[in-house]
Each structure stands twice: as structure tokens, then as C-alpha cells.
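Participant: Which chain is which? The protein sequence lines are A and B, in order.
For reference, each letter of the first sequence is one residue, going 49 to 514 in this note's numbering.
For reference, each letter of the second sequence is one residue, going 56 to 327 in this note's numbering.
If you're looking for bench data, these hints aren't it; they were derived computationally from the structure.
Since we're looking at a predicted model, the values are computed, not measured.
Heads up, some of the hints might be wrong.
As the list claims (entries may be wrong) - Pair by pair, the computed Cβ-Cβ distance ranges are: (1) B/T120 to A/A506: 47 to 55 Å; (2) A/A506 to B/A198: 17 to 25 Å; (3) B/A189 to A/D118: 54 to 62 Å.
Claimed, not checked - Pairs of lysine-lysine residues, derived as DSBU-like cross-links and limited to a Cα-Cα distance of at most 30 Å, are as follows: (4) A/K458 to B/K78; (5) A/K242 to A/K187; (6) A/K491 to B/K210; (7) A/K109 to A/K220; (8) A/K76 to A/K220; (9) A/K109 to A/K187; (10) B/K116 to B/K210; (11) A/K458 to B/K116; (12) A/K76 to A/K90; (13) A/K491 to B/K172; (14) A/K458 to B/K210; (15) A/K304 to A/K242.
Even glycine gets a Cβ: it sits at the ideal position worked out from N, Cα and C.
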Amino acid sequence: MTVQAHELSKDYEYGFHDVDISVFRTEKGLSPEVVAAISDHKSEPEWMLKFRLKAYEHYLKRPMPTWGADLSGIDFDNIYYYVKPAGEQSRSWDDVPASIKNTFDRLGIPEAERKFLAGVSAQYDSEVVYHNIREDLEKLGVIFCDCDTGLRDHPEIFRKYFGTVIPPNDNKFAALNSAVWSGGSFVYVPAGVKVEVPLQAYFRINSDNMGQFERTLIIAEEGSSVHYIEGCTAPNYSSDSLHSAVVELIAHKGAKIRYTTIQNWSDNVYNLVTKRAIAHENATVEWVDGNLGSKVTMKYPAIYLMGEGAHGEVLSAAFAGPGQHQDAGAKCIHVAAHTTSNIVSRSISKGTGRTSYRGHIKVYPKAHDVRINVRCDALLLDEESQSDTYPYMDVNSPDVTIGHEASVSKVGEDQIFYLTSRGIDENEATALIVNGFFEPFVKELPMEYAVELNRLLALSMEGSVG
Amino acid sequence: MTDHQALAADLVVDGLSVAVDGKEILRGVDLTVPAGEVHALMGPNGSGKSTLAYTLSGHPKYAVTGGTATFGGDDLLALPADARARLGLFLCFQYPTAIPGVTTVNFMRAALRAQGKEMPAREFIRRLNEEMAALRIDESFRARYINDGFSGGEKKRAEILQMAMLRPRLSILDETDSGLDVDALRTVANGVTRLAGPDMSVLVITHYPRILEYLKPDRVHILNQGRVILSGGPELATQIEREGYEPIIGPVAAEAGASRTSLTGVVAEAQA
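Chain A with its partners taken away, still in its complex shape (with noise of 0.2 Å):
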């Protein structure tokens, strides 16, 4: 039953990694002249150097977050912020180089273009190098780039949202992806607009001791919707990365935002990222969060229910291997009336693995007619695994309708019993219930991101029996 700490190394299918063919990095570690060195590179306007130098201000004087996961093992020192690849940005697979191209044909992105992705942004290293959208969608008036271009050609509409769901001083991790943001997605759906496919990105990080820290920002007008999806895998390597994003959703009145997310770090990355999405009048945002692999992961989606009628949803599963620890929830701050929320959070510990569900739910006085659900459930799958739940409930409106449950179950012999007893080996009987415990999270994602979180977690599976 015991399993090696770096069985999942070993394992890890996405762990190949290429010759680095960067053509700029900063030095190591971090300094006013690295965060204007990053926005110099970039020809940023000026205000956005001051936002990054102010942000840096606020990095330095934040405190470590000490109420949540370990993070004593990050070397602030030892990380290059900025690192960008050969190849200036391109919109046809042909222009891609030759090395990216074959990191991106082992992730899929090619066919999965193929077949339904209304465009792909594709992040690697710290610059979106290829990056495509279907012509439709542009007629539209949608606009779905990396975030670097959304600074430079829709000055407007970026610097009028940038930053104002997710302040820079908000957190030590928001304020040091402020400093040294780069990448990441940009959309805007003018009002009226429902965007039918999915808009899908993957991030990657390739160097060595690279943080990474892109920036997503979307933008819902009155009436429309869009749904974009995300999926991360990082290589291999000896020494801790971090990953630090930051992730700010505005649904305008009537808007549907559904942003969706598989994160599949290597077991050396500190995953630490904020989101924050706010909904107006009558809007829906849902987070729908599968956090795999990374060493430590700290994230919890949080809804801001401004206007009255609007709805949250945070669907989130956790697999935890052994030596990570996923410490993920939910926020959903009630600050209107009629406003409702449902989290559900399903995590899995396995090995030394731990899970924690850190949930925040807060009503304002005048927020009446709220309703709020809560379940979370954790599976753990042997006896060295663990799984811990902090909810923390903050109501200051008599008129609020709270569900919570909460449950920790281990893989039952008799479950297991049962399966063999119709023939099936012990070691998928055990991956049938840890696909059927993570059902509800599954079939909320489309169709090949269902089967690459089933084949995921079939390889993090792998000896975990007997």
C-alpha cells in the first residue's frame, strides 16, 4: 500500500520537456528593474508600468498567507519571471517552430481544434505564441486573444476592467501576478452575443524554474454568454516552480459566464491563484475547477453576487497524490437580494495526499431571499490520506436559506467486494469508483476533456491498490 513520492513523477505522461529556445528572460529574482524590464520588453503603456510597479510595492509588504497550505518551500529568489520564447506570435499552425509545435502535438491541441474549438490560445512559456480564432466569432464582435495584445489593441475596454475585480493589493499572490503578469486569455462578448462553442486555451510552463503568471480577463455584456475552458500541464522538473494567475470574470445584467478549468501540474508546482468573478442583475457565472497533480495548490473561485437574481455555481473535484496538497473551495459573497449560490466540491486523497475543502459564504444585511447550497464530499483511498473541511459562514440577513452537507468516505471493502465479485480486478475496481465519485464534476465538461480526466486519473491511479 505504500507508494513512492515520486510514483507520479515517474508516471507523469506530460513530463518530456524541450530544448529551451527562450530568446528573453529577466535575471532570477525579482526588483523594480525586472517588473520594468518585463513591461519595456512589452512596450506597455505607461500606465501599466506604474501598475506593475505599484503592485511590485504591494507584493513586498503583503504578508505570506500562513492560514493554508505550506508554502515555506518557495524560493522567491530562485524564479525567472519573464521568459519568452523564439517565434513572434502566430495565428497559423505552419508558423509555429518546430519544438513548440511538438510540445503542442503531444498535448492535442491540433485535433482538438479540429474538431469543434472555436479558437485556441495557446500559452507557452510566458507568451501566447499561437493563437486563432474562427472568423465567425470575430464578425461577431467577440474578441478572444492573449492578454498582452488585449492591452495594445482594445486599450479601452481592458484598462476600463483591468484590475477591478481582483485589486493588486488584494492578496501577496494577486500583487506579485500584477507586477508580472503576462499572457493569459482576454475576451469580450458584446451584449446580446451567445458564443455557442467553447473558447479553450492551454497554458504551459516549459522552463525550468519559471514562474508563470498569466492574467485572464473576461468581459460578458448585457445578455450574452460564453463559456471558456482551460486545461494546464506542466513538465517535469528537479526544483519548485510556481504558477500565481489571476482570473477576473465580469457577467454584465443577464450574462452567463461557465469558465472551466483541469489543471494537471507536475508534482514540483506551487499552484496559487486567485479568481474572482462578479455577476450583475440577473447573471449567472459558474466555475467548474478540477485541480490535479502540483505540489500545493491554493485556489477558491469566489462569486460576487452584486446584482439582485443573480446565480454562482462552483462545481470543483481535487485529486490529491502522494506529497500534494490540494487546498481548494469557494467564496460566495451575497451582496444582493434574490441572489442564490451552489458549491459542490468532490476531492480524493490518496497516499500521503491531502485534500481541504476552505469554503466562504457571506450575506450582506440587505441581501434577503437568499438561498445557498453547500456540499462537499471527500474519498480517501487508503489509510495515509487525509481530508480536512473549513466552511466559514458569515450571515448577517435573517432571510437566508443555507444547505450544507459534508461527508468523508474511504473506498469501502464492500464496494470493492463487490465489483470483484462480478469479476473485475481489484485495481479498476478502485478506478470505477474514483471515476464514479468524480461523475458529477465529469460530465459537466465537454466530451474530450472528459476522457483526458478520465485517463489522468487512471494514471494517478495506477498502484494504488495492493
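Using the hints, position chain B against chain A.
Facilitator: Then chain B, alone, in the frame of chain A:
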């Protein structure tokens, strides 16, 4: 049919002793179910009937302390549960376990594949639909999670559905009749009768003789205090129906009452 080679095989249990959590429940069970026959194992509560079913199927909680059990000459006791199933054993559970998130369709396909009985998707669906119709199981159950939120009767039908799809060579029915109304009992019993014969032997474990009116056993065995104390023809079941167990086993001993308590505990735990 004339060229068909019968699939069922002999089950031979010889002197089988089994302990659960250190307490001996079976104390030398001798029982033979020849290929293709239907046998009934009856006995009062706590006599060890379910323990025998679980032990033959390979539940790891049941420790064999003596004796042997073979199926078609293969030593069952040397094999894990999944290998016994692949030999053709099927346990129809008294309390089937729910597996949330795993649909009946996916589960059946996984089980067929594991047993080397995979079939093309179209044929699979056709057969599944046929068997479900025969057992009066609603179509919606194809996409429902196994035993999750099923009523007692639905669970029993679903067990027989699995039996019909997997086509085992020996089925052990563990108190399948418990908790069924008359109509459900008839449906379930017909489902078994349809399969019983040269390709499938049946060992039906029951407390009440009612189900035997449908299954018509070739032989009836009485288990008491962990031993088979009497075997006979179908008339034995009729006698029990008429007179109860006491004329055969005498007044229920205090010890039997004690082992009943212990077994109930085990079964309750097994369901949890």
C-alpha cells in the same frame, strides 16, 4: 442444442470451517451441488447461510479455518473474488452495494470485459434491453448508478439482470426472496428459472420455502449451527413450511441465538 456442451460444473464443499472476526460460524460444512442442478440451503437465522455464500464468493473478511471448496475441480479458496467470478461464480447479494457515479451500462460492460465476454455495442444494448424487459426493469435504469437509491425490489431485479447478462455457471442466491412482494418474487424467480439448467447450477439460500415453489429444487439441505444436518428432496421444504424448523433441529438453542446476533452484526457491517 445437441452439440452444445453444458457449461455448469460441480460445486463440492468438504468440511468447510469459517471464522469471522475470530468467531467460528461454519463448522465443517459438507455440500455438493452437481452440475446443472438447483439446490436449496435452508436454515434458521444465524445458522451460517450467508457466511457460506460470502465465503464461496471470496469476501476477504471470511477466514477459512479448515476444509475445501472446489468448482469444476478448481480450488476456489486459493483464488481472489474476481478470479472466482471469472470461473463462472455469481453471488446474488442479499444487500447489493451502491456504487454512486457508475451507471448500470458502464458497470455491465466493465464486468463483461473483465470476464472475457465482451460483445459489440449494438448486441450488448439489444441484450440488455431484452433482459430488462423480461425482468420488468424500467429503461431509465440503464443510466442510473448501480443500486444507488434503488428500492429493495429494484436491487433484487438488478442482481438478476446482472446474472442474465453475465451468464454464470453457478449462481448463489443469498436470501434473494427477502423483502419481495409476491409479484416481484415471481418475476425474479422466473428470471432465475429461465437461466437454470445444464449451463447454470443454482444454490438458493433462503429462510422461507416460498421461493422454492417457483425454483423447484432438486435437493434441499438444512444448515444449523454451521453444519448441514439434513439433506433431502423437495418435500423437505414442504415439511418446513408446514411444521417449521423445530421438529428437525429441536428447540432453537441459546448458542444459535448468540451466533445469530453476531452474524447480524457482520451482515450489517458488510452493508455499511
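Participant: Taking 30 Å as the top limit, are the C-alpha atoms of A/K109 and A/K220 close enough?
Facilitator: The hint holds at about 8 Å.
Participant: Can you confirm whether the C-alpha distance between A/K458 and B/K78 stays at or below 30 Å?
Facilitator: Status holds; Cα separation ~26 Å.
Participant: Given the proposed pairing of A/K491 with B/K172, does the C-alpha separation stay at or below 30 Å?
Facilitator: The given pair, whose Cα atoms are some 28 Å apart, holds under the 30 Å limit.
Participant: For a C-alpha distance cap of 30 Å, please report whether B/K116 and B/K210 respect it.
Facilitator: 23 Å, holds
Participant: I want to verify a distance hint. Is the separation of the beta carbons of B/T120 and A/A506 within 47 to 55 Å?
Facilitator: Violated, at about 38 Å.
Participant: CA of A/K491 to CA of B/K210, is that 30 Å or under?
Facilitator: OK: A/K491 and B/K210 at ~25 Å, within 30 Å.
Participant: Could one say that the CB atoms of B/A189 and A/D118 fall in the range 54 to 62 Å?
Facilitator: 58 Å, holds
Participant: Hey, A/K242 versus A/K187, does the alpha-carbon distance stay inside 30 Å?
Facilitator: The given pair, whose Cα atoms are some 13 Å apart, holds under the 30 Å limit.
Participant: Does B/K116 sit within 30 Å of A/K458, going by the straight-line distance between their CA atoms?
Facilitator: 17 Å, holds
Participant: Straight-line Cα separation of A/K458 and B/K210 no greater than 30 Å?
Facilitator: Holds. A/K458 to B/K210 sits at ~23 Å (cutoff 30 Å).
Participant: Below or equal to 30 Å on CA atoms is what counts here, so check A/K76 against A/K220.
Facilitator: 19 Å, holds
Participant: Regarding the pair A/K109 and A/K187, is the alpha-carbon distance no greater than 30 Å?
Facilitator: 45 Å, violated
Hint violations for this structure: numbers 1, 9, all remaining hints satisfied.
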